[in-house]
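Last residue of the sequence shown: 661 (this note's numbering), numbering continuous.
No lab work stands behind these hints: they were computed from the structure. None of the values given here were measured: they were computed from a predicted structure. Be a bit skeptical, because a hint or two may be false.
Derived SDA-like pairs: lysine to any residue, alpha-carbon spacing no greater than 20 angstroms straight-line [to be verified]: (1) Lys-387 x Val-369; (2) Lys-349 x Leu-310; (3) Lys-654 x Ser-599; (4) Lys-654 x Leu-603; (5) Lys-387 x Ala-372; (6) Lys-493 x Ala-462; (7) Lys-170 x Thr-223; (8) Lys-387 x Ile-301; (9) Lys-170 x Ser-277; (10) Lys-343 x Ala-372; (11) Lys-226 x Ser-179; (12) Lys-93 x Arg-45; (13) Lys-619 x Thr-640; (14) Lys-414 x Asp-461; (15) Lys-290 x Asp-390; (16) Lys-493 x Gly-403; (17) Lys-106 x Pro-44; (18) Lys-349 x Ala-360; (19) Lys-87 x Leu-49; (20) Lys-93 x Pro-61; (21) Lys-343 x Pro-283; (22) Lys-619 x Thr-572; (23) Lys-454 x Pro-412; (24) Lys-290 x Pro-328; (25) Lys-57 x Ser-98; (26) Lys-343 x Glu-285; (27) Lys-87 x Pro-77; (28) Lys-170 x Leu-190; (29) Lys-349 x Arg-368; (30) Lys-57 x Glu-84; (31) Lys-145 x Glu-242; (32) Lys-201 x Asn-178; (33) Lys-93 x Tyr-47; (34) Lys-87 x Ser-65; (35) Lys-493 x Ser-411; (36) Lys-414 x His-456.
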Amino acid sequence: MPFPPSVSTLRLRCLLPSFAALALLSCRDASNSGDAGARHDTAPRVYVLGSTIHLRKAPSPEAESLTKVGIGTECVPLGSTQGEWRKVRCGDKEGYASASLLGAEKPSVDTFDAEARDPQRTLAQREQSALRAAMLVPGDFFRRKQWSDLFFEHNFELLAGAKKPLKGPKLEFPCVRNSVDDCILESAGLVRGVKHRVVTKERMFVFVVGDSEQIAVYRGQFTYDKKHQSLTEEVLERTRFESAPMLEQALFRSAEPEDDASSPRLGQFVLDASAQSLMARLPSEWELLKRSDEGAYAVRINGCNGRPYLLRLLPDLHGRWLAVADAPEALFPDERWVSAVTKTERGTKLTLSRNAEDSAPQVLEIPRVDEAPASLSKAFYTHRSDKYPDVREPCGGRAAGVGPAFSGEFSPEKAMAALYGGVDAADGSSGWSLSGAERRRLLRLEDLWVSRPKAHPLKWDAYREGEQEKMLFLTETPSGYETTLIGGGIFSKTEDGWRLERANRAIIVLPHRLDAAQGIFVRGIGERGVIAILEVSDGNSRRFFTDLVLLSDRGGQESIDVVGTLPSIAETYFGVECPGEEGKEGSGDGICYAYDYASDWELVPQPEHLLPDVVVTSKGTRQREGKSEEEIESFHELLTFSFSADEYALSSQKDLRQSQE
Numbered sequence: 001m002p003f004p005p006s007v008s009t010l011r012l013r014c015l016l017p018s019f020a021a022l023a024l025l026s027c028r029d030a031s032n033s034g035d036a037g038a039r040h041d042t043a044p045r046v047y048v049l050g051s052t053i054h055l056r057k058a059p060s061p062e063a064e065s066l067t068k069v070g071i072g073t074e075c076v077p078l079g080s081t082q083g084e085w086r087k088v089r090c091g092d093k094e095g096y097a098s099a100s101l102l103g104a105e106k107p108s109v110d111t112f113d114a115e116a117r118d119p120q121r122t123l124a125q126r127e128q129s130a131l132r133a134a135m136l137v138p139g140d141f142f143r144r145k146q147w148s149d150l151f152f153e154h155n156f157e158l159l160a161g162a163k164k165p166l167k168g169p170k171l172e173f174p175c176v177r178n179s180v181d182d183c184i185l186e187s188a189g190l191v192r193g194v195k196h197r198v199v200t201k202e203r204m205f206v207f208v209v210g211d212s213e214q215i216a217v218y219r220g221q222f223t224y225d226k227k228h229q230s231l232t233e234e235v236l237e238r239t240r241f242e243s244a245p246m247l248e249q250a251l252f253r254s255a256e257p258e259d260d261a262s263s264p265r266l267g268q269f270v271l272d273a274s275a276q277s278l279m280a281r282l283p284s285e286w287e288l289l290k291r292s293d294e295g296a297y298a299v300r301i302n303g304c305n306g307r308p309y310l311l312r313l314l315p316d317l318h319g320r321w322l323a324v325a326d327a328p329e330a331l332f333p334d335e336r337w338v339s340a341v342t343k344t345e346r347g348t349k350l351t352l353s354r355n356a357e358d359s360a361p362q363v364l365e366i367p368r369v370d371e372a373p374a375s376l377s378k379a380f381y382t383h384r385s386d387k388y389p390d391v392r393e394p395c396g397g398r399a400a401g402v403g404p405a406f407s408g409e410f411s412p413e414k415a416m417a418a419l420y421g422g423v424d425a426a427d428g429s430s431g432w433s434l435s436g437a438e439r440r441r442l443l444r445l446e447d448l449w450v451s452r453p454k455a456h457p458l459k460w461d462a463y464r465e466g467e468q469e470k471m472l473f474l475t476e477t478p479s480g481y482e483t484t485l486i487g488g489g490i491f492s493k494t495e496d497g498w499r500l501e502r503a504n505r506a507i508i509v510l511p512h513r514l515d516a517a518q519g520i521f522v523r524g525i526g527e528r529g530v531i532a533i534l535e536v537s538d539g540n541s542r543r544f545f546t547d548l549v550l551l552s553d554r555g556g557q558e559s560i561d562v563v564g565t566l567p568s569i570a571e572t573y574f575g576v577e578c579p580g581e582e583g584k585e586g587s588g589d590g591i592c593y594a595y596d597y598a599s600d601w602e603l604v605p606q607p608e609h610l611l612p613d614v615v616v617t618s619k620g621t622r623q624r625e626g627k628s629e630e631e632i633e634s635f636h637e638l639l640t641f642s643f644s645a646d647e648y649a650l651s652s653q654k655d656l657r658q659s660q661e
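Model the full structure from these sequences, guided by the hints.
Here you go:
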């Protein structure tokens, strides 16, 4: 699907003034490779002055391109100039080239370098000269960097002077990364086989993404709400140009391309301006409804997290829209790209495709807000409002007999096959491909690099939820950055085996692999579900500490999710020099334990809360609050953490030394 022009692309068709004519490819046809007759020909020579030019079949920019010729190539004129065109032979190829990009003298790197540094020239002119110098010497790092710097500087100049910005939706995203740049990269969504880079300046951004065929540039503005960790973006201008090895090296440097077969390629599913306008008018979230026998509608509420099942329409920086539909009968949301938008009498009709090769896309008619619910297959949706009452469904909402199942006794191999779609009999692992939702979730969790994810069984433990026997099954997927992704599923006992009723394969990223035998505890909480406690330890040569990570199927954003992290329930920190002064205990080698304490913890049921309290008793030594490392105190305290508003927080603290005294 071609990359459609935006309303502003028509006036910004050239990111760099001569890109449309130059084609910007760095292949350098050897000018000396023509036939022997050409080398001895006494006819005058002309040289290619543009970074790269097309030799076309006819003297027209719309004519077929026969080949591309790089800067500095020597060509033989085959006739006089015809308007803006001249017929030439470059090597063994003949065609029409832009006369303005041909010259009688061979282009000079020194001349282009001087022009690129000349402050009297415009940024556009300096950028063109830097590009031509870099194309003449494609292996020169410093010339590539000079062009890259001028490229972004020129883009910011264009952005600051934009008078007729592209009219599109403002994009709002949660921003919990280390920098706004990272958040903008995340908001761009997933594109297969591309490299990308973002540069920000004040409240403006320039985002560049490309593959071996094309490079797209998005210029826009953003605001960042630190208090709510929310990023709002608006793409003001989009443009593109042809790619080339030198351009990729200069713009993206060492960035690695995304290789996700489930993601679209650059330019696929990008909607045109009229479709964007229609999508921007639609509410972004629609609730899934349930119809009674009497014909009344109610909002279906997921019993796991107390939230409605939703249809979400999610835009990204590329101009694509993703429709994500929750369904009680599905383990994971159904994701489809909006490939076409049509206005109808009743509302807006969306064509939804899984991928570019989808031969049977679904059609969803989104009604006007005041009309009857929309239908997608057998599901009904309506704009989020207080119009319909809620109907809370069992956790997971899974209908009987739906979901992957296996017979016989529970085994990790069978569970892996149900959760990931297959298992390697040799080692019990499962190779798998992350969905778009899982990748977006990982971007918000931690940096996790997994080229080919391979999950392994980690921990499984049975519990009871009322009369129903269940099994919490946790897995780990190691990454190349010495981190591991924890995933899992909940299985219910059936008459002849087990059935997977809900799952989350991307729960949390941890700094290293877990020891399941020592660090994971599973506790059933009656009819209210399950809670799992992960003791996660980490450290270095001076400090060693342990955190508690709490997982549950009651709370959080997913069917199994992190509901709290209790930091440093145990710690040892060798941080203070103490050469035997009175009143200080040393280790015998002049080093004190600035922090040296451990904790016991227990779960205490709280009927008024969805999840039990976590009570932690800690005892040892630590640094006095607000004091230097040398001032160490003994302590013995009891901390109570209670679940509220989807997460655990400290609810009470008691000094046990005072009670003992």
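> Which numbered hints turn out to be false for this structure?
Replying inline: Violated hints: none; all satisfied.
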